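Here is how the chains run, residue by residue.
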Amino acid sequence: MADLKDVAVIGVGATKFGENFDWGVDDMLTMACFEAMEDAKIEPGQLEAGWIGIQYPFTGFSGATLSDAIKTYDIPITHTENYCVSGLDAFRNACLAVASEQFDMVIACGVEKITDQGGRGLPTAGFGHPVQMAGLTAPSAFGLAFPRHALAFGTTKEHLAHVAVKNHFNGAVNPKAHFRREVTLEQVMKAPIISGPLGLLDCCPISDGSAAAIITRTDIAKKYRDDYVTIKGMGFAAYTNLMMYDKNFDYLAWRPTVKAAEKAYAMAGITDPPNEVDLAECHDCFTITEILNVEDLGFCKKGDGGPAMAEGRFNIDGQVAVNPSGGLKCFGHPIGATGVRMIYEVTKQLQGRADGRQREGAKVGMAHNLGGLGGVVCGVVILTNEK
Amino acid sequence: MINDQGVEMAGIMAYGAYIPWLRLERKLIAESWGIPGAPGEIAVANFDEDSITMGVEAARDCIGDDPDGVGGLYFASTTAPYAAKSSATVVAAVLDLANDAATADFGASLGSGLAALLAGAEAVDSGAASSVLVTAAECQRARPKTADEQTLGDGAGAILVGKGDAIAEVKGVYTSYDEMMGAWKLPGETLSRESNPRWYTAKSHIPDIAGAIKEAIASFGVAPDDIAKLVVAAPDFRTHQQIAKALGIKDPAKVQDALFAFVGGCGAAQPLMMLAGALEDASPGDKIILAGGGDTFDVVLLEVTDKIKDLAPRRAIKGYMASKKNLDSYARFLARKDMVPVEADENVSSAIQMWRDRKSVLPLYGKKCEACETVYFPPRRVCPNCHEYDKNVDWKLAKKGVLWNAIDDNLAPNPEPPTTLTISDLEGGGRIFLQMTDREAGTTELGMPVELTFRIIHEGGGFHNYFWKTRPVRQGGIENG
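First to last, the protein sequences are chains V and X.
If you count by my numbering, then the first sequence holds residues 1 to 387, one letter each, in order.
If you count by my numbering, then the second sequence holds residues 1 to 481, one letter each, in order.
These are calculated hints, taken from the structure and not from any lab test.
Predicted model, so just to flag it, every value in this text is computed and none were measured.
Possibly wrong hints are sitting among the right ones.
Using 20 Å as the maximum straight-line C-alpha spacing, the simulated EDC-like pairs for lysine to aspartate or glutamate come out as follows [stated by the list, open to error]:
(1) V/K247 <-> X/E169
(2) V/K222 <-> V/E386
(3) V/K223 <-> V/E35
(4) V/K247 <-> X/D226
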């Protein structure tokens with residue numbers, strides 16, 4: 001009987017992320033999936049099952065969104081929807097299916113086509129209740145952490161700005177990133193305010209894109225390539241949509257990040273994260289989100305996220321390379337695609353194929369994906385190239 | 001008061017008023033158009049206010065947040081938010097009145113506020129209702145550059161009529177009417193048409209009201225000199241003074257301020273607001289003549305009792321008058337009067353969901369867990385603290401608390417960003433996420449006291465979606481709620 005540690009990724013693909021006005025859902029999904037299948041050296045007919053992460057109904061409904069694109073008729077395909085974790089949850093379910101030995105060769109992918117809807121933020125109308133949560137936006141939901149974190153730990157707007165500077169530095173060399181430019185601390189600090197402390201350059205962009213991964217078991221993976229990567233740890237956790245009403249919630253930590261990381265570290269046997277994790281694709285929808293996350297993941301002490309960021313401890317050559325791809329901030333954030341895109345980046349890093357942004361000697365990498373209006377749900381997947 | 005048949009009659013038990021936070025100096029209107037301007041200010045309802053929300057405010061000022069024993073709710077306005085559908089039932093539901101309360105809507109005429117008060121007193125007299133909370137509110141629009149634009153204001157008044165320890169007894173009522181085309185609106189119109197105000201003031205308001213008061217005083221058997229305060233609602237700056245003159249009342253201290261200088265004419269709400277203003281300053285034994293109208297011209301004689309000394313403090317006219325912010329431009333006034341087209345916002349709602357959740361949306365009930373005593377909102381079956389299932393009771397949340405977290409957001413559609421989003425800990429328990437209104441952006445401080453106010457959230461579903469917001473405590477008066 002296999003388990004999750006016997007699950008291997010043998011191929012990954014991703015489109016360029018960005019305002020892909022020329023491409024529809026079908027175009028992007030097809031490009032990402034075929035790139036992943038070519039990377040794995042498999043044919044569509046070998047796929048036995050599929051999972052596809054999509055957040056918004058305007059992008060697509062049901063698993064047939066995938067079979068419509070790559071014509072994998074007659075196999076089971078499941079649509080996962082779990083906020084910004086929709087893609088990573090597709091990956092999780094694919095891994096569980098392979099670990100169970102129900103299937104030998106499956107695909108996990110994600111896609112989002114947001115720019116057809118206009119240009120103002122993510123649609124939030126209809127979330128929850130007609131009036132109770134009215135006015136809440138994605139940046140304000142996460143930005144509400146700032147006043148409490150600042151009060152407790154002295155975190156400043158400049159600390160936040162370092163997240164954007166770092167992630168743009170990394171992403172500027174990434175050919176598939178939404179943005180291909182660096183930004184200065186001054187530019188971030190002076191950008192027009194969107195919500196609370198968060199200026200335009202503290203916020204990830206509205207992006208289109210798709211990503212895919214081919215998943216099998218290690219015994220089969222060896223037939224396709226030597227540099228496959230395997231699951232070392234995995235943990236997921238959901239909290240509540242109503243955190244702003246919860247008197248037990250202090251806005252100092254994203255509770256699902258803490259809980260998902262605990263599970264993933266326990267499975268991986270990791271007790272000293274900053275010294276055992278080489279790189280992390282870490283959810284940075286807004287700069288404040290990453291500050292809390294690096295603390296919640298144990299990469300630094302609680303409250304030290306801001307100063308640690310400013311010191312460069314999470315630069316590509318720092319203690320833990322956080323968001324070597326550029327992250328959501330620079331690479332872009334098509335909601336349903338992001339989790340699988342993190343798997344794409346971590347796999348490339350562990351294979352030594354992250355041209356221009358390679359974390360040297362990377363052995364253990366993390367995909368950390370947080371979703372909801374505030375930290376509602378989280379997935380942590382730890383991959384390794386160590387056999 | 002016991003009448004001559006030995007039956008106890010209705011009296012006034014309490015009063016309340018509401019004046020919006022925002023004001024516009026009339027000179028900004030005048031300077032914008034290069035036209036003559038009157039001195040003073042008008043009160044301006046914010047984007048999220050209408051006559052229902054202002055009626056709720058005045059009602060809460062009158063009775064607080066405990067409706068125990070209030071047997072009815074009457075609502076009067078010529079600017080009700082619905083052309084068809086009761087506003088009184090919305091106000092009654094927000095106030096958490098028992099569902100056997102008598103409700104009725106009055107409108108169509110500037111006389112409807114006073115008509116509602118008389119009807120409320122009659123309902124109590126007849127025993128049909130134990131008490132009636134009479135509310136009147138106006139949220140008015142006028143054509144730019146007209147005299148009305150500088151004259152009309154927004155506001156609300158509330159008077160509780162009942163039996164028992166009245167603060168003022170109703171000693172007599174006189175009714176009359178006159179028919180003429182003064183000011184009117186056709187169905188579907190939101191801006192008034194009017195004939196010649198000099199004609200209808202000279203030939204209707206002054207003679208009709210003064211005549212009615214003369215007849216009334218004669219029938220009540222009191223002398224004009226016995227009147228401590230003449231409370232006359234009239235449609236402009238001067239008419240009530242001219243009525244006083246016609247009655248031979250020369251002492252300006254005996255003529256109640258008609259609120260035109262700093263609030264403006266509040267239509268059907270004017271007599272109730274002026275009565276609240278008169279009762280604020282009244283002493284036991286004072287005889288008050290309340291009169292007003294338009295179409296109907298009614299007169300009430302009131303006599304203030306000792307009980308007025310026992311009435312709990314409230315904001316009423318003086319408190320709400322003192323708490324204000326002046327708009328810095330005429331454009332911001334026009335935007336609040338729907339005179340400036342704004343980008344349509346796509347909001348969704350469901351009449352059925354809003355009905356199902358009416359108890360949490362309107363009087364703001366959450367739950368209290370019987371296992372761990374946690375008070376929480378929104379109401380749910382399982383306690384968010386101890387996770388017990390279905391061990392809870394309905395719990396009405398307090399309408400004041402302390403700000404725990406806040407952020408100013410520029411992304412949410414808002415005619416005047418930012419949207420201030422707040423998380424507050426309410427007195428007696430319950431943490432709640434609400435938008436904040438009637439505040440200076442960027443001035444929120446964690447730990448500051450806040451109070452809740454009932455407002456329009458959006459127009460999704462083609463109806464008014466109301467809910468609560470926080471605001472900084474209105475200064476200049478006592479704490480509300």
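Outcome of the hint check:
1. V/K247 <-> X/E169: violated, 48 Å
2. V/K222 <-> V/E386: holds, 14 Å
3. V/K223 <-> V/E35: holds, 19 Å
4. V/K247 <-> X/D226: violated, 60 Å
Hint compliance for this structure: hints 1 and 4 are broken, all remaining hints hold.
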